[in-house]
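**Student:** Chain by chain, the residues:
4 protein chains.
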Amino acid sequence: MSVVLTRVHELAEIKEELAARDWFMGTSGNLAIKVQDSPLQFLVTASGKDKRKKTKEDFLLVDGEGNPVGATHLRPSAETLLHCEIYKRSKAGCSLHVHTVANNVISELYGDAGKIVFQGQELIKAFDRWEEDAELQIPIIYNYAHIPTLASTLGDFVKEDKGAVLIRNHGITVWGKDGFEAKKILEACEFLFQYQLALIQAKAGLLASTGALNN
Amino acid sequence: MSVVLTRVHELAEIKEELAARDWFMGTSGNLAIKVQDSPLQFLVTASGKDKRKKTKEDFLLVDGEGNPVGATHLRPSAETLLHCEIYKRSKAGCSLHVHTVANNVISELYGDAGKIVFQGQELIKAFDRWEEDAELQIPIIYNYAHIPTLASTLGDFVKEDKGAVLIRNHGITVWGKDGFEAKKILEACEFLFQYQLALIQAKAGLLASTGALNN
Amino acid sequence: MSVVLTRVHELAEIKEELAARDWFMGTSGNLAIKVQDSPLQFLVTASGKDKRKKTKEDFLLVDGEGNPVGATHLRPSAETLLHCEIYKRSKAGCSLHVHTVANNVISELYGDAGKIVFQGQELIKAFDRWEEDAELQIPIIYNYAHIPTLASTLGDFVKEDKGAVLIRNHGITVWGKDGFEAKKILEACEFLFQYQLALIQAKAGLLASTGALNN
Amino acid sequence: MSVVLTRVHELAEIKEELAARDWFMGTSGNLAIKVQDSPLQFLVTASGKDKRKKTKEDFLLVDGEGNPVGATHLRPSAETLLHCEIYKRSKAGCSLHVHTVANNVISELYGDAGKIVFQGQELIKAFDRWEEDAELQIPIIYNYAHIPTLASTLGDFVKEDKGAVLIRNHGITVWGKDGFEAKKILEACEFLFQYQLALIQAKAGLLASTGALNN
Numbered sequence: 000m001s002v003v004l005t006r007v008h009e010l011a012e013i014k015e016e017l018a019a020r021d022w023f024m025g026t027s028g029n030l031a032i033k034v035q036d037s038p039l040q041f042l043v044t045a046s047g048k049d050k051r052k053k054t055k056e057d058f059l060l061v062d063g064e065g066n067p068v069g070a071t072h073l074r075p076s077a078e079t080l081l082h083c084e085i086y087k088r089s090k091a092g093c094s095l096h097v098h099t100v101a102n103n104v105i106s107e108l109y110g111d112a113g114k115i116v117f118q119g120q121e122l123i124k125a126f127d128r129w130e131e132d133a134e135l136q137i138p139i140i141y142n143y144a145h146i147p148t149l150a151s152t153l154g155d156f157v158k159e160d161k162g163a164v165l166i167r168n169h170g171i172t173v174w175g176k177d178g179f180e181a182k183k184i185l186e187a188c189e190f191l192f193q194y195q196l197a198l199i200q201a202k203a204g205l206l207a208s209t210g211a212l213n214n
Numbered sequence: 000m001s002v003v004l005t006r007v008h009e010l011a012e013i014k015e016e017l018a019a020r021d022w023f024m025g026t027s028g029n030l031a032i033k034v035q036d037s038p039l040q041f042l043v044t045a046s047g048k049d050k051r052k053k054t055k056e057d058f059l060l061v062d063g064e065g066n067p068v069g070a071t072h073l074r075p076s077a078e079t080l081l082h083c084e085i086y087k088r089s090k091a092g093c094s095l096h097v098h099t100v101a102n103n104v105i106s107e108l109y110g111d112a113g114k115i116v117f118q119g120q121e122l123i124k125a126f127d128r129w130e131e132d133a134e135l136q137i138p139i140i141y142n143y144a145h146i147p148t149l150a151s152t153l154g155d156f157v158k159e160d161k162g163a164v165l166i167r168n169h170g171i172t173v174w175g176k177d178g179f180e181a182k183k184i185l186e187a188c189e190f191l192f193q194y195q196l197a198l199i200q201a202k203a204g205l206l207a208s209t210g211a212l213n214n
Numbered sequence: 000m001s002v003v004l005t006r007v008h009e010l011a012e013i014k015e016e017l018a019a020r021d022w023f024m025g026t027s028g029n030l031a032i033k034v035q036d037s038p039l040q041f042l043v044t045a046s047g048k049d050k051r052k053k054t055k056e057d058f059l060l061v062d063g064e065g066n067p068v069g070a071t072h073l074r075p076s077a078e079t080l081l082h083c084e085i086y087k088r089s090k091a092g093c094s095l096h097v098h099t100v101a102n103n104v105i106s107e108l109y110g111d112a113g114k115i116v117f118q119g120q121e122l123i124k125a126f127d128r129w130e131e132d133a134e135l136q137i138p139i140i141y142n143y144a145h146i147p148t149l150a151s152t153l154g155d156f157v158k159e160d161k162g163a164v165l166i167r168n169h170g171i172t173v174w175g176k177d178g179f180e181a182k183k184i185l186e187a188c189e190f191l192f193q194y195q196l197a198l199i200q201a202k203a204g205l206l207a208s209t210g211a212l213n214n
Numbered sequence: 000m001s002v003v004l005t006r007v008h009e010l011a012e013i014k015e016e017l018a019a020r021d022w023f024m025g026t027s028g029n030l031a032i033k034v035q036d037s038p039l040q041f042l043v044t045a046s047g048k049d050k051r052k053k054t055k056e057d058f059l060l061v062d063g064e065g066n067p068v069g070a071t072h073l074r075p076s077a078e079t080l081l082h083c084e085i086y087k088r089s090k091a092g093c094s095l096h097v098h099t100v101a102n103n104v105i106s107e108l109y110g111d112a113g114k115i116v117f118q119g120q121e122l123i124k125a126f127d128r129w130e131e132d133a134e135l136q137i138p139i140i141y142n143y144a145h146i147p148t149l150a151s152t153l154g155d156f157v158k159e160d161k162g163a164v165l166i167r168n169h170g171i172t173v174w175g176k177d178g179f180e181a182k183k184i185l186e187a188c189e190f191l192f193q194y195q196l197a198l199i200q201a202k203a204g205l206l207a208s209t210g211a212l213n214n
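Residue numbers (numbering that gives the first Met the number 0), protein chains in the order written: chain A, 0 to 214; chain B, 0 to 214; chain C, 0 to 214; chain D, 0 to 214.
Okay, chain A solo, but in the shape it has when bound:
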């Protein structure tokens, strides 16, 4: 049992930190952390809770199909299948799904292009890209209301043991070898998204001033 308790503690800490940033607005978001590999078991947030609050019923243990392990009155998050997909297709140990204003706006703004690309940003190093001209691509997938379809669409982009996928107007899902790495990637993505939005506006603002001067 001690591995489970350690993982509960680890995920609770992450939940508390993300809650402090208000990244669970309207009860959105769900978090998962792997407990064992074969058979696959992971902890996932219970459905319909206020994730700003800390209770003994925040997480439950599920199997590789997202079904509860053992008797429980808790229901796993409706989007548990997305976490299943990640653990099946990679060696990730933790996966996080959250909505922020910036990640949703970016997902809509670049949704038709199907991806957003960053280059020349120091924060890319959170993905272990260290070259000066390293490029980071974050795919943006369609937000299918049918969760199994959404999960399998996400699965097509789980090609490495850490990564990030935007779901159009439905937040971001990130994963990494453990809670530390998943959170690092989540933060780096949020930073890059906020940067991109602020840069677009600042550039347009400067352009407008210059244009006005030139007229």
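Since the hints were derived computationally from the structure, they do not count as laboratory data.
Using N, Cα and C, we set each Cβ at its ideal position, and we do this for glycine too.
Please note: incorrect hints may appear among the correct ones.
Which bits of chain C does chain B cover? Going by a derived footprint, with three or more residues having C-beta under 8 Å, they are [as the list claims (entries may be wrong)]:
no., segment
1, 89-100
2, 127-135
3, 140-154
4, 191-200
According to the in silico footprint, chain A covers these stretches of chain B (three or more CB under 8 Å from chain A) [as the list claims (entries may be wrong)]:
no., segment
5, 28-36
6, 109-123
7, 129-137
8, 179-193
Here the structure of chain A is known, so what remains is to put chains B, C and D in place on it, guided by the hints.
**Tutor:** Just chains B, C and D now, kept in the frame of chain A:
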């Protein structure tokens, strides 16, 4: 008395959380939670308090006309009639009124249209709209200085047991079956408003860059 | 002595709250609260402190000319004369000066006009303007480096017992009958400034989209 | 040893405060504080930690070449050489490097110009510039992936005992005679950057409205 105390505790928790987000600027905002149905009695925030502070005089019990139940030196919020309207016209158990910069700007920006419409946003699910093409309409009403007129105007839009109405340059009023649902709706609305404002600016910014390139 | 202690406590609470909002960036800002009328004595923040920290040396007592009352190694804030001016020209009991990004940007944007005007905003009620068409004018004065000149320029606008004056690229100074009212006015101003900036950008953004559609 | 402990405490306090502002996104950022002059020894943040957490292994002592003093399993931050450069070229006692959205956007927006210039801003006084027409220049350098090259490029701009340098898309590095001054400068810069971005957008927004009226 124990129902009252439970409700006091529930509303105090919500107040504390909204205060932490600074959603009571300039002593604005007021909160209510139903205690019993017949005759209708609900708790409402006392007038003229700093809602960032936690005291024993934060709330008082009022009846269906918004008058204090029992002797008290506290005055109910000047806008208590709006809460009365909600409890009379629906089965809501909690109603919240707060000012945020985003909700006020949205109320002005779309005020002439009388509503703002969201579609294709995951956060719409906070209103229990689950279809992929679900549409959410939030009405925007005129901000009558005369509170009974404002209350009855609001009342015309209280058609379901949960909902949200923007008052032009006067914040938002939301309601739900209990504190949990009312807060969920409040958060979802705030998220959608911030999203909308950020999207408008980002789109205009991209357009400006493209326009400049095409010239 | 007990009045002094009560006032120290009151001002310390305000300082703590404003610090939590990060309204003292770069050690900017200074706060004052009146202790007695004749002769005038008030508490003011000591110079060169990090106002995010709470110490026994945060405030000192000064007289109507801004000189320390009694022996102390503390120096009053360099801008103490502005507070003197307020207490001499009104019945205010508390005055607050803080820098925020929004108040500085507004002071620059409308600096040439010498004022910013708000109308139709609910938050105007923080200034006890209750009519539906109430108008709120906040003057914007030139930022003289010479503090006595700045103080006397400010003094010309201290016409009521509560109010607010923007100093161009130098924050806002507000006052009210006590700490509660001064803080209420400070918050209402900040809300209105953030609202104004967000509205300008949102309107321009919508205009750009519409313009693009019409071309 | 007591000087080391005092410095550890001082730097830990700064770390905690910057963490509360979320200025270490994606494990970015690193902090240093001088312990002694000859031979030079300073404390620096350990590599690969979550700087939001407070542990006994947050800092380690390094020498003038950035190598650990004494046996330790901790690795100094990969960018320790930048701090070495500052202590060698000035009498600074503390140096801080953090990423914020605003400092990164400013570094990109004005990167080609190689600097950003502020004038007429009260917050410039954090740099001890007191004249009414004081001008503050913050250089922006290229973000070399090769740390020794980056460090020596930064070194060319360490001309005073306090200062600030932006690294393009790689945050800001500031220094001052002690932790208090370094943090004051860091905050003033962040304020000025946020101000500049907000002003650019507000001016463009007003211009767009006026332009539309004139057409």
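**Student:** Is the listed coverage of the segment 109-123 of chain B by chain A valid when you require three or more residues with a beta carbon under 8 Å from a beta carbon of that chain?
**Tutor:** holds (count 4)
**Student:** Under a C-beta cut-off of less than 8 Å, do 3 or more residues of the segment 89-100 of chain C approach chain B closely enough to confirm the stated coverage?
**Tutor:** violated (count 0)
**Student:** Counting residues of the segment 129-137 of chain B whose CB is closer than 8 Å to a CB in chain A, do you get three or more?
**Tutor:** holds (count 3)
**Student:** With a C-beta cutoff of 8 Å, work out whether three or more residues of the segment 28-36 of chain B approach chain A closely enough for the coverage to hold.
**Tutor:** violated (count 0)
**Student:** Do three or more residues from the segment 191-200 of chain C put their C-beta atoms closer than 8 Å to C-beta atoms of chain B?
**Tutor:** n = 5 at 8 Å, threshold three: holds.
**Student:** Are there three or more residues in the segment 140-154 of chain C whose C-beta lies within less than 8 Å of some C-beta in chain B?
**Tutor:** Since three or more residues must qualify, the claim that chain B covers the segment 140-154 of chain C is violated, with 0 doing so at under 8 Å.
**Student:** Do three or more residues of the segment 179-193 of chain B come closer than 8 Å to chain A, measuring C-beta to C-beta?
**Tutor:** With 9 residues closer than 8 Å to chain A, the segment 179-193 of chain B meets the three-residue bar; holds.
**Student:** Against chain B, does the segment 127-135 of chain C show at least 3 residues with beta-carbon separation below 8 Å?
**Tutor:** Since three or more residues must qualify, the claim that chain B covers the segment 127-135 of chain C holds, with 3 doing so at under 8 Å.
Taken one by one, the earlier hints fail for this structure at numbers 1, 3, 5, listed in ascending order.
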